[in-house]
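Number of protein chains: 2
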Amino acid sequence: MTSHAVSDEALNIIFRDARTQNKWQNKPVSHAHLMAIYDLMRWGPTSANASPARIVFLASHAAKERLKPYLAPLNREKTMGASAVAILGMDLDFAQKLPHLFPNNPKMKDIFTANEELNRVTAFRNASLQGGYFIVAARALGLDCGPMSGFDNDGVDKEFFAGTNIKSNFVCAIGYGDPAGVFSRNPRLSFDEACEIL
Amino acid sequence: MTSHAVSDEALNIIFRDARTQNKWQNKPVSHAHLMAIYDLMRWGPTSANASPARIVFLASHAAKERLKPYLAPLNREKTMGASAVAILGMDLDFAQKLPHLFPNNPKMKDIFTANEELNRVTAFRNASLQGGYFIVAARALGLDCGPMSGFDNDGVDKEFFAGTNIKSNFVCAIGYGDPAGVFSRNPRLSFDEACEIL
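Read top to bottom, the protein sequences are chains A and B.
So the first sequence is numbered by our numbering: it starts at -3 and just counts up by one.
So the second sequence is numbered by our numbering: it starts at -3 and just counts up by one.
Some hints could be false.
Any copy, or any two copies together, can satisfy a pair, since identical chains are not distinguished.
Said to hold, decoys possible - No farther apart than 35 Å at their CA atoms in a straight line, the calculated lysine-lysine pairs in the DSBU-like style are these:
#, residue 1, residue 2
1, K103, K19
2, K103, K163
3, K105, K74
4, K163, K105
5, K103, K74
6, K23, K64
7, K74, K60
8, K64, K74
9, K23, K60
10, K19, K93
11, K103, K154
12, K64, K93
13, K103, K64
14, K105, K19
15, K103, K60
16, K154, K105
17, K93, K163
Hint data in this document are derived by calculation from the structure and do not stem from the laboratory.
Since the model is a prediction, treat every value here as computed from it, not as a measurement.
Please work from the sequences and hints to get the whole structure.
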């Protein structure tokens, strides 16, 4: 391999050995550590550098309690046990920041504000891409993740994003997992089931 | 940092120093290298392990020529110059594979087939998450990426996904970038612009 390749051990940490957590150690995650996740993930590419993801980190017990009633019942207990919980949202008003984020083309903002469907699809695709970067970044920083989409999106939006055009995308518990709570690993599709080379 | 953390150099490769490429070195990428991207990215988490992403790798000149007319004019030349191009799609029939991928709950398939909106949103969110894993995996394997969503989705679907329920999501050129084609880096949102801690 070239000197430019990431070590096999690092690939294990971010992909091969990383597991979704369902049970958590009682070990805090500092605010600085949460900020470090964003500081890495924000460099990942998005369409026209639009960067539509917005994140609310629930680090206090009181903040997590505000989320609890909106989680699917099966997700409640395990989520409350995590050191922190991130609500990953997408800002449907992301185009307002394009003059700053994409100065290369001052008209880019208008392309999105004039086309509601393109705006919505771009926000959803790119905020989800950024969700992938978020999970990888958290793992790369030594944290475990418990991502989930089983919750009441409208309720979460009213509770955490009132007065904005931010919509919740998914929720991700963060902390140090307890291996006792990890399920046996499910299979993945083989290359031939998911891909082809032409 | 703990022994569980990825090295700073690796973080530079997958996040901080990685740049979207617009010009490519004339240096081939082997089929085995393309397969290695999928072999890593497939371990990333998705809802109910649904793994809706499907990928067509265009590695031959003839295959890339089939894509060319559907690309936005500004994206054509730079894309044709890449060693390979991946079309990342989402399979709206992903639920058919859930009995294999998520044996824990045999009824999971029916939850998606009975709810078209949930099915569509789950496919789009999770195939895009997997798009994030794809880009990170390619970079971790020493490759450069040029992701783009400026193309005729319907045309690409007819050309490459006819007879299936797979819809194109985004396209990603792959190869070894020529630094001469990299634009100056645009800013990212600060933590306080994109996040808050409660």
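For each hint, the structure was consulted:
1. K103 with K19: between (48 Å within a copy, 24 Å between copies)
2. K103 with K163: The answer is both: 25 Å in one copy and 28 Å across copies each meet 35 Å.
3. K105 with K74: For K105 and K74, the Cα distance is within 35 Å only across copies (24 Å; inside one copy 41 Å).
4. K163 with K105: Intra 19 Å, inter 26 Å, cutoff 35 Å: intra and inter.
5. K103 with K74: Answer is between; shortest inter-copy Cα gap is 22 Å, intra-copy 46 Å.
6. K23 with K64: within (20 Å within a copy, 52 Å between copies)
7. K74 with K60: For K74 and K60, the Cα distance is within 35 Å only inside one copy (12 Å; across copies 47 Å).
8. K64 with K74: Answer is within; shortest intra-copy Cα gap is 10 Å, inter-copy 48 Å.
9. K23 with K60: within (16 Å within a copy, 50 Å between copies)
10. K19 with K93: between (38 Å within a copy, 27 Å between copies)
11. K103 with K154: Result: close both inside a copy and across copies, 32 Å intra and 31 Å inter.
12. K64 with K93: both (32 Å within a copy, 31 Å between copies)
13. K103 with K64: The answer is between: 25 Å across copies meets 35 Å, while 42 Å in one copy does not.
14. K105 with K19: between (43 Å within a copy, 26 Å between copies)
15. K103 with K60: Only across copies: K103 and K60 sit 30 Å apart there, 40 Å inside one copy, limit 35 Å.
16. K154 with K105: both (26 Å within a copy, 30 Å between copies)
17. K93 with K163: both (17 Å within a copy, 29 Å between copies)
This entry satisfies every hint, going by the numbered hints stated previously.
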